[in-house]
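J.: As a plain string of letters, each chain reads:
2 protein chains.
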Amino acid sequence: MDTSEFRRRGKEMVDYVADYLEGIEGRQVYPDVEPGYLRPLVPACAPEEPDTFEDIISDVEKIIMPGVTHWLSPFFFAYFPTANSYPAMLADMLCGAISCIGFSWAASPACTELETVMMDWLGKMLELPEAFLAGGAGEGGGVIQGSASEATLVALLAARTKVIRRLQAASPELTPASIMDKLVAYSSDQVVATLGTTSCCSFDNLLEVGPICAQEDLWLHIDAAYAGSAFICPEFRHLLNGVEFADSFNFNPHKWLLVNFDCSAMWVKKRTDLTGAFKLDPVYLKHSHQDSGLITDYRHWQIPLGRRFRSLKMWFVFRLYGVRGLQAYIRKHVQLAHEFESLVLQDPRFEICMKVTLGLVCFRLKGSNQVNEALLQRINDAKKIHLVPCHLRDKFVLRLAICSRTTESAHVRLAWAHIRELAGAVLEAERAAETKS
Amino acid sequence: MDTSEFRRRGKEMVDYVADYLEGIEGRQVYPDVEPGYLRPLVPACAPEEPDTFEDIISDVEKIIMPGVTHWLSPFFFAYFPTANSYPAMLADMLCGAISCIGFSWAASPACTELETVMMDWLGKMLELPEAFLAGGAGEGGGVIQGSASEATLVALLAARTKVIRRLQAASPELTPASIMDKLVAYSSDQVVATLGTTSCCSFDNLLEVGPICAQEDLWLHIDAAYAGSAFICPEFRHLLNGVEFADSFNFNPHKWLLVNFDCSAMWVKKRTDLTGAFKLDPVYLKHSHQDSGLITDYRHWQIPLGRRFRSLKMWFVFRLYGVRGLQAYIRKHVQLAHEFESLVLQDPRFEICMKVTLGLVCFRLKGSNQVNEALLQRINDAKKIHLVPCHLRDKFVLRLAICSRTTESAHVRLAWAHIRELAGAVLEAERAAETKS
Numbered sequence: 029m030d031t032s033e034f035r036r037r038g039k040e041m042v043d044y045v046a047d048y049l050e051g052i053e054g055r056q057v058y059p060d061v062e063p064g065y066l067r068p069l070v071p072a073c074a075p076e077e078p079d080t081f082e083d084i085i086s087d088v089e090k091i092i093m094p095g096v097t098h099w100l101s102p103f104f105f106a107y108f109p110t111a112n113s114y115p116a117m118l119a120d121m122l123c124g125a126i127s128c129i130g131f132s133w134a135a136s137p138a139c140t141e142l143e144t145v146m147m148d149w150l151g152k153m154l155e156l157p158e159a160f161l162a163g164g165a166g167e168g169g170g171v172i173q174g175s176a177s178e179a180t181l182v183a184l185l186a187a188r189t190k191v192i193r194r195l196q197a198a199s200p201e202l203t204p205a206s207i208m209d210k211l212v213a214y215s216s217d218q219v220v221a222t223l224g225t226t227s228c229c230s231f232d233n234l235l236e237v238g239p240i241c242a243q244e245d246l247w248l249h250i251d252a253a254y255a256g257s258a259f260i261c262p263e264f265r266h267l268l269n270g271v272e273f274a275d276s277f278n279f280n281p282h283k284w285l286l287v288n289f290d291c292s293a294m295w296v297k298k299r300t301d302l303t304g305a306f307k308l309d310p311v312y313l314k315h316s317h318q319d320s321g322l323i324t325d326y327r328h329w330q331i332p333l334g335r336r337f338r339s340l341k342m343w344f345v346f347r348l349y350g351v352r353g354l355q356a357y358i359r360k361h362v363q364l365a366h367e368f369e370s371l372v373l374q375d376p377r378f379e380i381c382m383k384v385t386l387g388l389v390c391f392r393l394k395g396s397n398q399v400n401e402a403l404l405q406r407i408n409d410a411k412k413i414h415l416v417p418c419h420l421r422d423k424f425v426l427r428l429a430i431c432s433r434t435t436e437s438a439h440v441r442l443a444w445a446h447i448r449e450l451a452g453a454v455l456e457a458e459r460a461a462e463t464k465s
Numbered sequence: 029m030d031t032s033e034f035r036r037r038g039k040e041m042v043d044y045v046a047d048y049l050e051g052i053e054g055r056q057v058y059p060d061v062e063p064g065y066l067r068p069l070v071p072a073c074a075p076e077e078p079d080t081f082e083d084i085i086s087d088v089e090k091i092i093m094p095g096v097t098h099w100l101s102p103f104f105f106a107y108f109p110t111a112n113s114y115p116a117m118l119a120d121m122l123c124g125a126i127s128c129i130g131f132s133w134a135a136s137p138a139c140t141e142l143e144t145v146m147m148d149w150l151g152k153m154l155e156l157p158e159a160f161l162a163g164g165a166g167e168g169g170g171v172i173q174g175s176a177s178e179a180t181l182v183a184l185l186a187a188r189t190k191v192i193r194r195l196q197a198a199s200p201e202l203t204p205a206s207i208m209d210k211l212v213a214y215s216s217d218q219v220v221a222t223l224g225t226t227s228c229c230s231f232d233n234l235l236e237v238g239p240i241c242a243q244e245d246l247w248l249h250i251d252a253a254y255a256g257s258a259f260i261c262p263e264f265r266h267l268l269n270g271v272e273f274a275d276s277f278n279f280n281p282h283k284w285l286l287v288n289f290d291c292s293a294m295w296v297k298k299r300t301d302l303t304g305a306f307k308l309d310p311v312y313l314k315h316s317h318q319d320s321g322l323i324t325d326y327r328h329w330q331i332p333l334g335r336r337f338r339s340l341k342m343w344f345v346f347r348l349y350g351v352r353g354l355q356a357y358i359r360k361h362v363q364l365a366h367e368f369e370s371l372v373l374q375d376p377r378f379e380i381c382m383k384v385t386l387g388l389v390c391f392r393l394k395g396s397n398q399v400n401e402a403l404l405q406r407i408n409d410a411k412k413i414h415l416v417p418c419h420l421r422d423k424f425v426l427r428l429a430i431c432s433r434t435t436e437s438a439h440v441r442l443a444w445a446h447i448r449e450l451a452g453a454v455l456e457a458e459r460a461a462e463t464k465s
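First to last, the sequence lines map onto chains G and V. Here the first sequence stands for residues 29 to 465, numbered as in my numbering. Here the second sequence stands for residues 29 to 465, numbered as in my numbering.
Keep in mind that a hint or two might mislead.
Stated by the list, open to error - Below, simulated DSS-like cross-link-like pairs (lysine-lysine); rule was C-alpha separation at most 27 Å, straight line:
| id | chain 1 | residue 1 | chain 2 | residue 2 |
| --- | --- | --- | --- | --- |
| 1 | G | K314 | G | K190 |
| 2 | G | K39 | V | K90 |
| 3 | G | K90 | V | K39 |
By construction, these hints were calculated from the structure, which means they are not laboratory data.
Please work from the sequences and hints to get the whole structure.
T.: This is the structure we're talking about:
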């Protein structure tokens with residue numbers, strides 16, 4: 029494909045993408061396919077000679093779309109949101125065209141420097157303490173990780189390296205492994221200190237945990253993968269109080285801040301805690317500025333060596349929405365969650381299982397786990413909406429998360445009417461079974 | 029930005045991308061900026077109200093491009109290639125629009141199933157033993173990782189978990205840490221068994237290493253991050269002989285196989301070695317098919333939980349190039365490397381430091397390390413081409429890697445003429461200094 033064909037096909041793809049998103053409400057949110065559906069539809073090997081672009085686009089509708097779970101459908105209420113926005117997609121096109129790998133400052137200065145500044149912008153939106161920012165007086169800074177799992181792993185490894193060095197300095201006869209055998213990582217029953225857990229969006233009290241960690245010289249990592257985006261709104265910022273006690277903090281703009289996957293934002297108070305654990309300096313990556321203290325080589329902040337120019341997505345999204353646009357987006361989702369909550373509360377057959385703080389509602393039929401499992405089964409078999417469950421203590425609970433950029437009040441009301449109808453059928457079936465037995 | 033504006037801006041961006049790539053030869057390959065150049069050019073905070081798209085695009089040229097190292101320039105010969113192709117960029121647009129997160133089969137069946145089949149396609153292109161394929165009789169399969177570092181880490185953790193379980197089964201009184209303290213990971217002087225090292229593209233002899241690992245029950249992981257792409261050509265496949273002894277193997281199509289970053293291909297002979305080490309099964313990720321044995325939940329194969337629909341890039345690239353197109357691409361790069369090698373050999377002042385096997389030429393001026401450091405300094409100060417060095421034993425060596433899709437014979441000849449001219453100046457300066465002293 030030469031450049032002139034790319035101009036043509038690229039514009040066709042822009043229209044395909046726009047059509048897909050504009051018409052997504054008309055697609056069934058959860059697919060009908062069975063495991064193994066795809067293999068028989070494609071050849072066993074790659075073609076020797078090129079196929080045409082028309083072949084591929086026609087196969088997208090024939091082979092791919094029937095097997096897609098449409099995360100961006102307004103009827104998708106499962107897991108947590110995956111971020112998607114037009115500005116982020118435009119930025120990703122530019123990122124793909126530049127294709128630089130930003131493992132060091134020299135490998136593409138703009139890639140490194142925009143990331144540092146965007147992480148400061150985002151940190152300021154969250155009112156993070158200045159110690160976490162790179163452009164201030166502190167020793168901290170931010171980095172984009174691929175996922176919250178990577179951020180947590182990086183924090184754990186940095187914490188481990190730090191404590192091993194401290195103990196070995198005091199007792200040089202100790203080996204790293206003999207120290208590791210005795211190390212303890214404390215966690216809540218939903219894992220690290222967490223703001224907005226996946227199951228039920230619960231919050232640890234940082235003002236209780238933080239001072240204890242400080243007193244005992246423990247590394248405190250805070251994971252707010254989903255909830256973190258909400259902290260750009262002043263009315264939710266109090267949930268982050270106590271972050272000043274943390275050594276590291278992360279959340280995922282790729283969940284709820286309109287920056288397409290992957291973009292997990294992580295800050296540390298001491299940059300040297302990361303670079304001390306991960307530093308890698310072969311001669312082919314050396315460059316003349318690296319010992320100046322002025323620059324950041326992000327490969328020392330993460331597991332992989334390579335990295336894309338992901339801060340472009342943040343830059344486009346923050347500028348094209350503005351802080352107010354982003355706040356309005358968060359507030360709309362929270363309001364939709366409360367609307368659903370109030371609908372549930374009006375039906376005495378149902379109960380709300382967890383305080384609704386952000387965009388997640390945990391609810392269930394009053395009664396047995398079996399009846400709730402049966403209800404979820406009917407919901408997901410009908411495939412008009414898509415939900416996943418969680419366990420809270422010993423209860424089987426349904427989760428409805430406001431996920432899509434296109435979800436409106438009408439979709440929430442349709443979803444609720446549908447759930448009520450299926451609940452009626454489930455309860456009817458249960459009564460019939462009881463009468464029989 | 030609404031859908032109709034996206035249609036317009038998306039098409040403008042397609043043209044921007046096409047213009048950038050068409051005109052990239054005219055951009056200076058390495059930027060003039062100094063560390064910290066970007067921060068003063070952007071506001072200290074995100075804007076409250078949205079900026080316009082015109083503002084951003086104009087800032088791309090004013091703020092971003094002056095700080096970009098142009099990896100796709102035909103005069104970029106540093107590190108190793110970063111893959112870029114029009115088919116991959118089109119696929120990435122589609123991936124961004126679907127925005128599914130493929131942590132389980134149910135989270136988007138097409139995402140999981142296309143990946144499994146594309147990894148089989150690629151495995152067949154490489155003539156991997158059938159044990160590594162998912163669609164055959166064996167217990168293996170492939171997965172897309174974000175980077176070779178992640179693939180290696182995953183292999184190490186899986187190997188560690190496997191040996192710890194084996195030893196604990198024999199001696200239940202041992203703790204994991206006491207075992208870990210005694211574990212040894214053997215590596216070459218360039219790290220794991222490696223085909224095509226970064227410094228000099230050297231190759232470990234798998235037919236020597238493999239049988240020893242098999243005999244001693246050691247996990248053998250093979251990393252061919254750069255070189256792996258070449259094995260789709262029959263004339264280079266012999267370099268992979270011995271892969272049949274490996275437990276896991278990976279290489280990066282995002283380096284040299286025209287699939288944009290990130291796409292690191294990893295295969296294992298036993299799927300259960302990975303899932304045994306990484307399995308994560310909270311109730312909100314459970315789905316009705318997962319115990320059927322028919323499906324793959326890729327979250328058990330990797331560090332992160334989330335994953336994009338990256339196999340679309342492989343599908344578009346393999347189909348729009350065809351195997352022959354991909355082979356032709358590899359061969360052209362190897363031929364350009366040999367062309368450069370032959371130019372170097374014609375100049376008695378220079379020497380080739382390592383057999384040229386693929387697209388990398390390691391060369392130097394006969395003489396001191398200082399004179400070679402001075403030559404590299406002049407090359408990178410002139411910024412007409414971009415190279416990085418390596419150390420081979422105690423020698424400072426220049427690396428010229430054929431990197432860009434747009435590099436032609438004319439660029440290689442221009443680069444060589446430029447290097448010769450600067451070498452002349454360096455040697456002249458050295459003679460002058462000697463005469464003086």
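J.: Indicate, hint by hint, whether the structure satisfies it.
T.: Structure-based check of all given hints:
At roughly 25 Å between alpha-carbon atoms, K314 of chain G and K190 of chain G fall within 27 Å of each other, so this suggested pair holds. Of the supplied pair hints, the one linking K39 of chain G and K90 of chain V holds, its CA atoms being roughly 25 Å apart against a limit of 27 Å. Distance restraint check for K90 of chain G and K39 of chain V: the Cα-Cα separation of roughly 25 Å lies within the 27 Å cut-off, and the hinted pair is therefore satisfied.
Checked against the numbered hints above, the structure breaks none of them.
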